[in-house]
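Protein chains in written order, with this note's numbering: chain B, 1 to 206; chain R, 1 to 206; chain C, 1 to 206; chain L, 1 to 206.
Keep in mind that the hints were calculated from the coordinates and are not lab data.
Be aware that one or more of the hints could be misleading.
Just so you know, same-sequence chains aren't split out, so a pair can sit in one copy or run between any two.
Said to hold, decoys possible - With a Cα cut of at most 20 Å, we get these calculated EDC-like pairs of lysine to aspartate or glutamate:
1. 72 to 122
2. 36 to 47
3. 63 to 35
4. 54 to 13
5. 199 to 144
6. 50 to 40
7. 172 to 154
Each chain is listed here by its residues.
Protein chains: 4
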Amino acid sequence: MDSTISQLAQCFENLPGIGPRQARRFVYALLKKNDKFISDFTKLMLDIKKELIKCETCQCFFKNNKQNKNCKICRNPQRDKGVLLVVEKDIDLNNIESANSYNGLYYVLGGLVPPIGAKLPEEVRMKELFEKVKQMTMSKNLKEIILAFSATKEGENTEQYIKSILEPIVQKYPFKISLLGRGLSTGTELEYADRDTLKNALRRRD
Amino acid sequence: MDSTISQLAQCFENLPGIGPRQARRFVYALLKKNDKFISDFTKLMLDIKKELIKCETCQCFFKNNKQNKNCKICRNPQRDKGVLLVVEKDIDLNNIESANSYNGLYYVLGGLVPPIGAKLPEEVRMKELFEKVKQMTMSKNLKEIILAFSATKEGENTEQYIKSILEPIVQKYPFKISLLGRGLSTGTELEYADRDTLKNALRRRD
Amino acid sequence: MDSTISQLAQCFENLPGIGPRQARRFVYALLKKNDKFISDFTKLMLDIKKELIKCETCQCFFKNNKQNKNCKICRNPQRDKGVLLVVEKDIDLNNIESANSYNGLYYVLGGLVPPIGAKLPEEVRMKELFEKVKQMTMSKNLKEIILAFSATKEGENTEQYIKSILEPIVQKYPFKISLLGRGLSTGTELEYADRDTLKNALRRRD
Amino acid sequence: MDSTISQLAQCFENLPGIGPRQARRFVYALLKKNDKFISDFTKLMLDIKKELIKCETCQCFFKNNKQNKNCKICRNPQRDKGVLLVVEKDIDLNNIESANSYNGLYYVLGGLVPPIGAKLPEEVRMKELFEKVKQMTMSKNLKEIILAFSATKEGENTEQYIKSILEPIVQKYPFKISLLGRGLSTGTELEYADRDTLKNALRRRD
Numbered sequence: 001m002d003s004t005i006s007q008l009a010q011c012f013e014n015l016p017g018i019g020p021r022q023a024r025r026f027v028y029a030l031l032k033k034n035d036k037f038i039s040d041f042t043k044l045m046l047d048i049k050k051e052l053i054k055c056e057t058c059q060c061f062f063k064n065n066k067q068n069k070n071c072k073i074c075r076n077p078q079r080d081k082g083v084l085l086v087v088e089k090d091i092d093l094n095n096i097e098s099a100n101s102y103n104g105l106y107y108v109l110g111g112l113v114p115p116i117g118a119k120l121p122e123e124v125r126m127k128e129l130f131e132k133v134k135q136m137t138m139s140k141n142l143k144e145i146i147l148a149f150s151a152t153k154e155g156e157n158t159e160q161y162i163k164s165i166l167e168p169i170v171q172k173y174p175f176k177i178s179l180l181g182r183g184l185s186t187g188t189e190l191e192y193a194d195r196d197t198l199k200n201a202l203r204r205r206d
Numbered sequence: 001m002d003s004t005i006s007q008l009a010q011c012f013e014n015l016p017g018i019g020p021r022q023a024r025r026f027v028y029a030l031l032k033k034n035d036k037f038i039s040d041f042t043k044l045m046l047d048i049k050k051e052l053i054k055c056e057t058c059q060c061f062f063k064n065n066k067q068n069k070n071c072k073i074c075r076n077p078q079r080d081k082g083v084l085l086v087v088e089k090d091i092d093l094n095n096i097e098s099a100n101s102y103n104g105l106y107y108v109l110g111g112l113v114p115p116i117g118a119k120l121p122e123e124v125r126m127k128e129l130f131e132k133v134k135q136m137t138m139s140k141n142l143k144e145i146i147l148a149f150s151a152t153k154e155g156e157n158t159e160q161y162i163k164s165i166l167e168p169i170v171q172k173y174p175f176k177i178s179l180l181g182r183g184l185s186t187g188t189e190l191e192y193a194d195r196d197t198l199k200n201a202l203r204r205r206d
Numbered sequence: 001m002d003s004t005i006s007q008l009a010q011c012f013e014n015l016p017g018i019g020p021r022q023a024r025r026f027v028y029a030l031l032k033k034n035d036k037f038i039s040d041f042t043k044l045m046l047d048i049k050k051e052l053i054k055c056e057t058c059q060c061f062f063k064n065n066k067q068n069k070n071c072k073i074c075r076n077p078q079r080d081k082g083v084l085l086v087v088e089k090d091i092d093l094n095n096i097e098s099a100n101s102y103n104g105l106y107y108v109l110g111g112l113v114p115p116i117g118a119k120l121p122e123e124v125r126m127k128e129l130f131e132k133v134k135q136m137t138m139s140k141n142l143k144e145i146i147l148a149f150s151a152t153k154e155g156e157n158t159e160q161y162i163k164s165i166l167e168p169i170v171q172k173y174p175f176k177i178s179l180l181g182r183g184l185s186t187g188t189e190l191e192y193a194d195r196d197t198l199k200n201a202l203r204r205r206d
Numbered sequence: 001m002d003s004t005i006s007q008l009a010q011c012f013e014n015l016p017g018i019g020p021r022q023a024r025r026f027v028y029a030l031l032k033k034n035d036k037f038i039s040d041f042t043k044l045m046l047d048i049k050k051e052l053i054k055c056e057t058c059q060c061f062f063k064n065n066k067q068n069k070n071c072k073i074c075r076n077p078q079r080d081k082g083v084l085l086v087v088e089k090d091i092d093l094n095n096i097e098s099a100n101s102y103n104g105l106y107y108v109l110g111g112l113v114p115p116i117g118a119k120l121p122e123e124v125r126m127k128e129l130f131e132k133v134k135q136m137t138m139s140k141n142l143k144e145i146i147l148a149f150s151a152t153k154e155g156e157n158t159e160q161y162i163k164s165i166l167e168p169i170v171q172k173y174p175f176k177i178s179l180l181g182r183g184l185s186t187g188t189e190l191e192y193a194d195r196d197t198l199k200n201a202l203r204r205r206d
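Working from the sequences, and respecting the hints, build out all of it.
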């Protein structure tokens, strides 16, 4: 086996969900593409790191146009500056935006809090969130923080963790900390719903 | 192939989710069991139709003890007689009971309303539900009807259908018709949540 | 929950591949069936143990007509009495018969040999196979024994085990012990084929 | 959504088995990588098209060292020049090599023959194979051609197609055309084996 193939396959294995077999198929798929495809592809890969920068306020990636340090959402005067929705990652933010049901601001945390005992990964911007909330309470009439994480163990850990670190601020500047509503999600069959989901669905009935 | 095997396999194929191959495996599995197992099994199958009868009030199956025409839940004086939760089938009722979060009465509808155009299956007790609700409004201070169906197309059709037939009664005797809360169910990842689920999760946040 | 329901559900859980949830669904499915279905179903379950007996020569189940102690295949004068194909279970025998490619006799072993160290399950008729082969070598001009087991660890263990116990007989009465051919099976993609399958496919090319 | 993200995601969607969601996850995964990773990755992508060239004799990709126009296998004097194994693609060739059971030459066809009626895709080097075989019959004492395709409809079409175009040559220069052996592949359970696999497994028993 050729070593360049192996090296390139290893790069592909760094992408989420890609194992050795599929990585190798990717390499052979590239070999079949014409030169223009490859040069466009690599150019975009190099460009994206320059073109996309992190918004200074919400930490989401956005197109670097050299005039702004903030993303479109943060610059939009129509968005409600009193509500902050915290998500794990950019894709979650995009998914919520595409649901067209939220008009406040965002904060991209960068990761979730692992099970108790494990160390907080450095990509999780917990201190930065804390600072941001403190500023918002003072200057911007913060009304609500929505913790919008996956309904998983890690998501719940993160909710608990953030609630505990924000507690001292909440007591001084009264704003609300809310969680996404739990209940039946599209497609859930009552027969197979777990106890927690049923409890929440009953409690939040309307 | 022996015809008794085929006939018995066909009986097993009448059970939900069982195809020809698995049905045949069941037959050979029975052939390996001892006589006592088979006689106990068949006795229980014959008994169950005699022992279990439908509760006259909620239509769930319960143990026939010849003294009562109503199930334990309907007879329980502690249950809130002003709330009626309508489910599709017995298993849904059992699942909700095991969540330990509901203390009202039930009604087992017997099936769901198919997509528009299709005929209402005769096992769906829609008229009986209508009559029951009429009686409850007059005699029992009905406060709320909870429509507790799966978050599927058929479940939603059934909600709409019941709301429309109950409308004339609701206008005279004001009770509430509520639906199970929608939102993130246990395990839902934000990245993969559909638009409706996200909308509901945001709307019902707390 | 009613105890008759639980007891009947437990019977269904004894069938291969059925868990508690599906067992309970089966019970409720039965409750919806009419009395005739239940009485036919249970009658067939009781009958099958009487109607089907094990063939004295090959150990497969066949219809008991009180005149014969042997199944149709064993009684068929057209079948080649010099070839014996050993299978694990009745369903394997049926599957091979339906392929219409074999005209010898069968022997149903009743089970497979577990990994080394584990005890030989008593349902595996190894001694009986040994006796049968001994008789066939003396009286019936045995030409070949085909060991037809699944291409799994247990299947291969069983092949080894049988070969070793038959070795002393093979040396006296020369007959052939053969295994099912290995190679690409329908649907196998070359890219995903394991090493053994490729080796066999190359070796048995034609 | 940013257009560079969309464009790069579309490039990833050109890789086999990658849909829009996963493509987008790849983009965000890249954004998290450091500059060195990206520059190595893109360099390898650009290099591979230069470094790897197609072997003039077997059409497999191999490392371009400017001295050779042929891959290692084709140059290896130990390989049996009288046997040619035809595969669909490089990955199949690699998989067979790693099985360590074949010592002849290869030919990478580039694709399979589609169902009857559909046009032969231009990446399928059928003419070139024909020319190659003609030459081998004259100069190199060709003894055997092994058609080594997946056991699928397309694989079988390809076998039939090649056999028919080689027929005129086979009649003049007698060499053998063989197919990979069919039978039970690793893991196949007898109970679920299809008719063709069983027939082949019985026919090729040994």
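Checklist entry - Checking residue 172 and residue 154: alpha-carbon separation at most 20 Å within a copy, between copies, both or neither? => result neither (28 Å within a copy, 49 Å between copies)
Item to check | Homo-oligomer pair classification [residue 35, residue 63; C-alpha up to 20 Å] | outcome: Cα proximity of residue 63 and residue 35: across copies only (18 Å, versus 27 Å in one copy).
Next on the checklist: For residue 36 and residue 47, with the copy left unspecified, which applies at a CA distance of at most 20 Å: within, between, both, or neither?
Outcome noted: both (16 Å within a copy, 14 Å between copies)
Item to check | Homomeric proximity label, residue 54 with residue 13: Cα distance no greater than 20 Å | outcome: neither (25 Å within a copy, 25 Å between copies)
Item to check | Intra- versus inter-subunit Cα pairing at 20 Å for residue 72 with residue 122 | outcome: Answer is neither; intra-copy 27 Å and inter-copy 47 Å both fail.
Next on the checklist: As a check of your reading, is residue 199 near residue 144 (CA-CA no more than 20 Å) within one copy, between copies, both or neither?
Outcome noted: Cα proximity of residue 199 and residue 144: across copies only (17 Å, versus 25 Å in one copy).
Next on the checklist: As a check of your reading, is residue 50 near residue 40 (CA-CA no more than 20 Å) within one copy, between copies, both or neither?
Outcome noted: Cα proximity of residue 50 and residue 40: in one copy and across copies (15 Å, 16 Å).
The structure shown violates the earlier hints numbered 1, 4 and 7.
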